[in-house]
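Chains as they are written, first to last, in the numbering used here: chain V, 411 to 735; chain C, 1019 to 1433; chain H, 3 to 281.
Keep in mind that the hints were calculated from the coordinates and are not lab data. Keep in mind the model is a prediction, meaning the values are calculated, not measured. Don't take every hint at face value.
Here are the in silico distance ranges between beta carbons for each label pair [to be verified]:
1. C:Ala1175 with H:Arg102: 33 to 41 Å
2. V:Gly491 with H:Leu37: 27 to 35 Å
3. H:Leu147 with V:Arg591: 20 to 28 Å
4. H:Val125 with V:Thr540: 32 to 40 Å
5. V:Asp699 with H:Gly148: 54 to 62 Å
A few chain H residues that face chain C, going by a derived Cβ cut-off under 8 Å, partial list only [unchecked claim]:
6. Asp182
7. Arg184
8. Val188
9. Arg190
10. Thr191
11. Leu192
12. Gly193
13. Asp194
14. Phe200
15. Val203
16. Pro206
17. Leu207
18. Gly211
19. Ser241
Derived coverage of chain C by chain H (criterion: at least 3 residues anywhere in the stretch with Cβ under 8 Å from a Cβ of chain H; other residues may be distant) [as the list claims (entries may be wrong)]:
20. 1116-1129
21. 1132-1146
22. 1159-1170
Where a beta carbon is used, it is the ideal one built from N, C-alpha and C, also for glycine.
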Amino acid sequence: MPARLPTPDSRLPVVCLIALLACTGGDGKSADQQRLVVFNAGSLARPLRTALDSFAGRTGVVVDQESAGSLETARKLTELGKVPDVVALADYEVFPQLLMPEHVTWYARFARNRMVLAYTDRSKYAGEITGDNWWRVVTRPGVEVGRSDPNLDPNGYRTLLTWRLAERHYRRPGLYARLERNAPARNVRPKEADLVGLLQAGEMDYVWSYESIAQAAGLRYVTLPAAIDLSSVRDSATYATASVRVAGRTRGDTVEFRGQPIVYGYSIPVRAPHRAVAERFVAFLASADGRAILRRAGLDVLDTPAVVGTGAPPALARSADVNAP
Amino acid sequence: MPAGGGRVESGAGLEPGPPPAAVRARSNAEEGNGRKSGRPEAVPDSRLPTPDSRVFVIEAFSLSARVGEFRLEDVTFTVPAGRYGVVIGPAGSGKTTLLETVAGITPQRGGVLRLNGRDVTGVPPERRGVGLVYQHGYLFPHLSVAENVAYGAADAATAAAVASRLGADALADRDVRSLSGGERQLVAIARALARRPAVLLLDEPFSALDPRRRALVRREVRAIHRSWELTVLQVTHDFTEAGLLGDVAILLDGGRVLQAGPPEDVFRRPASPYVAEFLGAENVFAGTVRVLGDAAPDWVEGEPAALAGGHRAIEFQSGPLTLYAVGDAHAGPAYAVIRAEEVVLSRTPHPSSARNEFRGRVTDVATLGALTRVTVDVRGVPIVAALTTRSAQELGVREGIDVVASFKAMAVHLC
Amino acid sequence: MMPARPPTPPARLPVVPLPTPHSPLPAVASILAALAGSLLLLFLVAPLAGLVGQGGASGVRGLFTDGELRAALTLTALTATAATLLGVVGGTPLAYLLARSEFRGRAVLAALLDLPLLVPHPVAGIALLLVLGRQSALGAALLALGLRVVGTPAGIVCAMLFVSAPLYVSGAREAFARVDRRYEAVARTLGDSRWRVFRRVTLPLSGRGLVAASVVMWARAVSEFGSIVIITYNPKVASVLSFDRFTSYGLAEALPVSAVLALLALVPLTLLRALRDEK
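Isolated chain V (complex conformation) (with noise of 0.2 Å):
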């Protein structure tokens, strides 16, 4: 009988299950513990990047970031049943039309944004464009002018906003369609930041978006008159005259949105798997070290947090003010 050696591919099945089961095993509880997932809208997405990079260097924390549109961003907690730690959209209105009562309860206005037209200096009439002008330029043929999908993305729908309140400023009936020829359905994309992209690239003369923005990406912009540009709370009464519809929660419904001054929220959803360390970034970015890194990233942002509903961290609970700005 001859001696039986092992072969080498007799082992190899051996090896295979052994790392088979290696991979499977292993405890991530410890590791969780020290992570952070943050859900946002697009234009918060610098600004909170430099705030958390801030916050997982003086931590420790590991931090996940997801930017989206607000509203697919509020479609991953209704839809896919993907819950954050910290959700932070560009329109507070959505925590009440879709994610309260069910997945958060309470949310926090911390920070304002205003609508502008960014430009670069290859853009057409960039020489001559003002706060005044914007209008007669913008309608001139052959400008080509970007906005985003206002059935995805609340920059465009308040950009209809924003000429709905132009068309009523100036006091020149058919603006608005004016406005809207330059900008036509070619000329939609679905986040504000595909449109810097093609601004950038000289595709378009004009795009209409977010001062936040505009500045992270260091482009020119015309700044409005505070009585369009849905940036002062003063204003609130005028903005509300103004309104448009855009597609609702399931398809063939609409839904009506009212000017309002573009405000920031965020908040805990009810099921974040990492609660404590949610708070903790919560109240840094409500302290005043918090603040400033995100005004340096160009956010403007409010001295206090107005928070809404109930069941907010007590650390921002204690500076709210319901009606602040």
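With chain V fixed as given, assemble chains C and H onto it according to the hints.
Relative to chain V, chains C and H alone:
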């Protein structure tokens, strides 16, 4: 005993005699191997032989080409009109490349190629009037046998005639994929001939055929070759076939022409020992030539015609052997080549005109069908003799016996 | 002289037992392989089956009721087909060149042609923008002629062509390479010019492979999203619409679109299958 390498008459005989005048192609071996013409180079007009389409159909002059690993360097040969050229060489020597270059499929990098007196450099294959048959037929798989034969046919009548001669009409409705290797070859040859080319290029066309079909197809191809006055260039590695078919033999090795000429010249008078060994000459000896004086030695009396041509009597010393030859070699080192078929064996010496006669002992007897090769040890030098197996049996040749090996002075070729 | 009786049969040879497999471990390897294969199959099929199961019915219904869906599907089919036609027309000569000619830069050219496959799709969109946008020489020239690319179906075709043409070229190259040169050589000696050889020999022998490659290209074009979003968001192709529906309305509305797309994908797949089986 059969003369090796000679032309054997088969079927309706071919007119004997050497090809027309001034045809003997130049052998590169005579020119020396120092010349390298790999770079595309214009050949100066003064060196070109004048085109003579009456005499030559294929003229290659200093041809060079390259396809991947296979190359041709400085290839020169001619095939006269209506003659059968045979290209012999080992695998990888560039035989197929040569055919493809003549056909125009492989572009030539240098040299001149003339077909029917016309310079065909740069002329695309479809306008050269050549037919090409590869070793494995390469019948178009998406067409039927009949469609294959008719593919480039000159006209339907020719296609039909050729097909029936070669027996391809019996296969007309068969699917190409169902044919055996031999049947495929048949159809491929018919396909090429149906076009009535002026020149037919064959790449080992009979190798896949069984012996019965091989004889039939060979005969028919030769018949068509004669009745149409077709010029053929065929590649083969079978020396016997080369001798049977060819009017011009071209030896190719490593992309170079070693020797070109009538087969019997090439076989009997190889230009170098390398060629000799290449062609399977078993007896190649290195040694020294000594030219014997003008006075005719008595043994030349049996060969007056040889001396009349200006040849001298030569003594060739190779180790312990002294050979006598007739030729025009000069004194000094040389090689002597004796074909095994020229060596006669007998049990006892008997008077004959063979000047070279040696006693030796048989060390090996190899029988292959009708031929037997006997190796005789003569003073330590092996001499190989080839005889028919019947003769070997009648002689009672076997290992260990003493025999006498003899061969004529004319059988010793010096190079 | 013939023997009087038949010769005796040879002595019985000893029966040599067949060697028994002495190690069970090769069987384990087979089991593992089968397991891995089944898992992969499940992984690939289950999500799509779920998609069609949940959204298939309403998706098919939507074909009749949902004008936006029909428009998106039609646009997808038209642009993908247009892109494939352009790819075939331009790619076939390229593929033939790569398969047949031996020239110095051949490997470099082949690598260049594969690059679009490696580029992330949004990056591809941006790259196309730089060449076709109104600031580029080509884009500006086209615009002057009244031909707008960015923001139109033409832009969609360009994006699809960019990401999927390399697939056709490599498939077609394979198909040509499998046609032995000697067929073409023989046909040349039988009187065919280069073009006639291609038509009468190369094309029939490689045809099936070419069709398969173009089906692959078409399928890839249909599924493209990332680069199209950048070049032409409106009008929406099916992939963009399903993303749009998902973001606006959620899963319930996105499923039917996705399911219909998956069902439509069966068309090229069955075609491919039919072609291969014909052999």
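Here is how each hint holds up against the structure:
| no. | hint | verdict |
| --- | --- | --- |
| 1 | C:Ala1175 with H:Arg102: 33 to 41 Å | holds (36 Å) |
| 2 | V:Gly491 with H:Leu37: 27 to 35 Å | holds (30 Å) |
| 3 | H:Leu147 with V:Arg591: 20 to 28 Å | holds (22 Å) |
| 4 | H:Val125 with V:Thr540: 32 to 40 Å | holds (36 Å) |
| 5 | V:Asp699 with H:Gly148: 54 to 62 Å | holds (57 Å) |
| 6 | Asp182 | holds (7 Å) |
| 7 | Arg184 | holds (5 Å) |
| 8 | Val188 | holds (5 Å) |
| 9 | Arg190 | holds (4 Å) |
| 10 | Thr191 | holds (4 Å) |
| 11 | Leu192 | holds (3 Å) |
| 12 | Gly193 | holds (4 Å) |
| 13 | Asp194 | holds (6 Å) |
| 14 | Phe200 | violated (13 Å) |
| 15 | Val203 | holds (6 Å) |
| 16 | Pro206 | holds (5 Å) |
| 17 | Leu207 | holds (6 Å) |
| 18 | Gly211 | violated (13 Å) |
| 19 | Ser241 | violated (39 Å) |
| 20 | 1116-1129 | holds (count 4) |
| 21 | 1132-1146 | holds (count 4) |
| 22 | 1159-1170 | holds (count 4) |
In this structure, the hints that do not hold are numbers 14, 18 and 19, in rising order.
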